[in-house]
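Each chain, letter by letter, is given below.
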Amino acid sequence: MNFSKDCNGMDVKEPDKTLLSSIDFSPEKYVRDLSQHCVGGPELRRLRKKIQNLSEETNNSLKKNVYQNYMQFIDSAKELSHLESEMYQLSHLLSEQKSLLTSLCTTSILADDSMIIRRSENKDENVKEQNQINHEKLASILEKVEGCKELLEVSARTYLYEGPLAELDPLENTVIKNVQAYLFSDGLMIATRNGRGLMKYVFETMYELGSLAVVNVKDLGNIKYAFKILIFPDTRIFKCDSETTKKEWLEKFDHAKKTKLTQDQQKRESVPEKSPSRSISIDSQSLNQFEELEDTVTAHPEWFLEAPEELDVCIAQRHFDDALALLQRVVEYCAHAQQDHVLIEVQRKVDVRHNNLTQVLMKELEISTGKSMQGGLGASRRAVRLLIMLGHSNQACDLFLKLCTYLLKIQYDRTKKEGSITVYVKNLSGIIFTNICHMTEEFLKNFPNSSACCSAYLVWVSAQLSYFSNHFIKRVFKSPISLSNLAECIDLVRWHCQKLCTYGVDLCYQVEGALRTYITKALKDFNDKFVESIKFKALDDNWNPTNLKSKNLLSKCLNEYAEMGLILNSYITGDVWLQITANNMEFSKTFLILLNNCLKLETTELLYAINDTISNVFEAQIKQHELILSEGTKADQKTFVIKNAEFLLTTLMVLCQRKYIEKLGFPCEKLKQIQDKYSSLITVISPTTRDIKTKYSSDQYL
Amino acid sequence: MAKKATVQPALHKVIMVGSGGVGKSALTLQFMYDEFVEDYEPTKADSYRKKILLDGEDVQIDILDTAGQEDYAAIRDNYFRSGEGFLCIFSITEDESFQATQEFREQILRVKNDENIPFLLVGNKSDLEDRRKVTFQEASDRAKQWGVPYVETSAKTREHVDKVFYDLMREIRARKIEEKTVNNGRGKDKNKKKKLKCTIL
Ligand SMILES: Nc1nc2c(ncn2[C@@H]2O[C@H](COP(=O)(O)OP(=O)(O)OP(=O)(O)O)[C@@H](O)[C@H]2O)c(=O)[nH]1
Ligand SMILES: [Mg+2]
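Which chain is which? The protein sequence lines are A and B, in order. The letter at position 337 of the first sequence is residue 320 when you use the working numbering, and the numbering goes up by one with no holes. The letter at position 59 of the second sequence is residue 138 when you use the working numbering, and the numbering goes up by one with no holes.
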């Protein structure tokens, strides 16, 4: 260092992070300066080493950062998937609420709403509600306007708008009378004010919308806010009370006309054989369309008239597919055909059959004692499919899931409880999860595009997994079980959960959450037990090397430990001795098993408990060495104890950290702390172990 | 009734027909308010009224500006029924609109059931000579065939705008006078017949 300063005494700086990361740093220039100002190989070599160190350091911190980011990414991904399933559950709750509300609504609706099948599922409620409002409105008009009883006779008529208007004389432009005008989906009704009598207005006329020519009066001298209607031979001028109401009326007329036009077009398209729009010039005041309808009565085909009876037969003979096909044919026919009273009568009868069929199909899916469930889900397929086609996918989904629940329950009862817990859990989780997977497939086949059903299904799976978790907890945690078996059982369940994910049902976190407290508690128990037994065994320990009695047994022992990853050759003395206590020999074996099982159980959430357990146990063992050394033992025994401590803190510890890193990608901080804490035990005397800390410090793994 | 009628000047009802965008509204507004509207906003059905002096006589004109597009035939019939004379407009820059006049003519004749209904064939947008698609010749040939006058107008330059409205009103007025005399004549005839019968008896 002095040398370099001597030789240049100026601006070639020592390489460090700030220099290298400064913006105006230019490698070429820096190297040129260096080689100019530095004399001699050693100096250059020193600088190179320094730069190399810097590069390694940067590398390490980069790795650390990447790892940290990665962990954060994983955590947020997990969080997202939890949120997703919560949203599903919410959606399910909402759709349940919705159907509850609808069922409440339907019970209070008086208006008959036949042919439910015609409407798509989600339109249903809306339409019903509007029908209700419309019905009430029409009824209130009936009460106010005298002489318009026929108003309700046209079933498709809906109320759109009303308002007071002043009628003007077409020549004089003076007000003749005040009227109340009502706009319906098919016509405009004019009612005049009634001086006497109970009702406010008297029906005057009804103009059909299909021939009502409306004119926006833009300029009529000093008359403002007026519009005309032209229905030959009438020309009538009406005056509104403001520009806005006039605009409103004109817009309503326009909208009503457009709506009617699209409806008419649909009708016309579906019934091409009907004569194209005969000129509709109706006599004003003719509301009665009955005569017109009378002559089409005979037009309905025989199959249509006989449909209700035919449906009865199909349902009785359980030819459900035929029944459904016929139902659909009827619906199609009704949509196109002339609406008359015969048609409505048949529709009503068919509706009853529709309900019958639904009931029968729902019965098929219901679970009753006595009923054989041999067919399983496959047997339900037809009923489910037909129910969906009938527009009852929610009910079908509900019944389907109930059936699934029932079938799963049978599996719980059937799985034999004898034998070890592990075997039982293996069997049971295998059966339950396979079934759930199978049911998921079946579900996806049955209900491919209904989001309401999909959320219902997720909620169902969630409930099933809760049930399973509870069952699992009862079996596994409430009875004595070894950590190995526990780890194996839990590993198995996790594997199954993961498999469910491939179907898009990610509920691992839920099962994990249910088990977590129990696993944590179990770990704590194992921890306590282990520490207890360490203390107990230490009492009997007389700190002697292990005598393996024969060369043969020694090599067998060495092999056994080598397989676990512990190379003990350096601890051999003589032919049959190992400079490790029997206690430590056993400890290292059981500790490695503990570690393996812990690592098997590992999840981010459990890591804390796991670290605690392994470090507590390890510390309990190493502590025994500290105790014995502080008691002031003889010199030769001291060396032996230190040698043992060194075995634990280096040989075993390195292996443990390696395993830990293999699984998690980073070393166990807590174990490292213990290593640091007790490193004084071995550094005091043994010169060979002085560099343990740096050599085995876990930094090198990053 | 008769008293009131004398107070109000005679009312002539004119209807503007023709395809969308040919300039029905533009012609109407030019005639009514001497203004030209550049923007195109499709009409539904607008009516205007104006007092004018026709050959020294006070009259009122009622213009019904209809939509180029009307979906209900029945509604269109009702519009047409209310008219006493028709300006059938097409745009000389658009052949389709010229072809459509044939259809309008037929509909009007069907609805009014009168071959001699006051009617003018109007070729509008004459200011757009460079974009002309319909020759004067073919348009006037068609008018001749129908027995109606053909006039070319421009709502933009106001060329012949007053002419088409005034010409049509004159025809309407002439028709009304004619009808009156025919009716009166017929009435006289009837009276004559009755009288004849009486005398026979
Ligand atoms: N250059 C030119 N443009 C015109 C003339 N007449 C109308 N236009 C333009 O053509 C377009 C349509 O004119 P309108 O008068 O709105 O057409 P319309 O016949 O009333 O159309 P609808 O109301 O849809 O039946 C507008 O942009 C006018 O400015 C004309 O004589 N010359
Ligand atoms: Mg217009």
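Treat the hints with care, since some could be wrong.
What the hints assert, rightly or not - What follows is a list of derived Cβ distance ranges for each label pair:
(1) A:Glu126 to B:Pro88: 45 to 55 angstroms
(2) A:Thr228 to B:Arg210: 37 to 47 angstroms
(3) B:Gly100 to A:Lys160: 34 to 44 angstroms
(4) B:Glu120 to A:Thr218: 22 to 32 angstroms
(5) B:Gln186 to A:His302: 50 to 60 angstroms
(6) A:Asn109 to B:Glu120: 30 to 40 angstroms
Unchecked claim - Here are the simulated SDA-like pairs of lysine to any residue, each with C-alpha atoms no more than 25 angstroms apart in a straight line:
(7) A:Lys606 to A:Leu536
(8) B:Lys123 to A:Asp237
(9) B:Lys255 to A:Thr586
(10) A:Lys201 to B:Tyr112
(11) A:Lys207 to B:Tyr112
(12) A:Lys61 to A:Lys606
(13) B:Lys130 to A:Thr586
(14) A:Lys250 to A:Asn109
(15) A:Lys241 to B:Tyr112
(16) B:Lys242 to A:Asp202
(17) A:Lys235 to B:Thr122
(18) B:Lys130 to A:Thr157
(19) A:Lys399 to A:Ser465
(20) A:Lys482 to A:Thr417
(21) A:Lys160 to B:Arg128
Claimed, not checked - Far from chain A by the CB rule (all over 10 angstroms, computed), these chain B residues:
(22) Asp113
(23) Val138
(24) Ala153
(25) Glu163
(26) Glu208
(27) Ser219
(28) Thr236
(29) Lys242
(30) Asp246
(31) Arg252
Everything labelled a hint here was simulated from the structure, so no lab data went into it. From the three backbone atoms N, C-alpha and C, an ideal C-beta is built for every residue, glycine too.
Output the numbers, in ascending order, of every earlier hint that fails for this structure. 7, 9, 12, 13, 15 and 24
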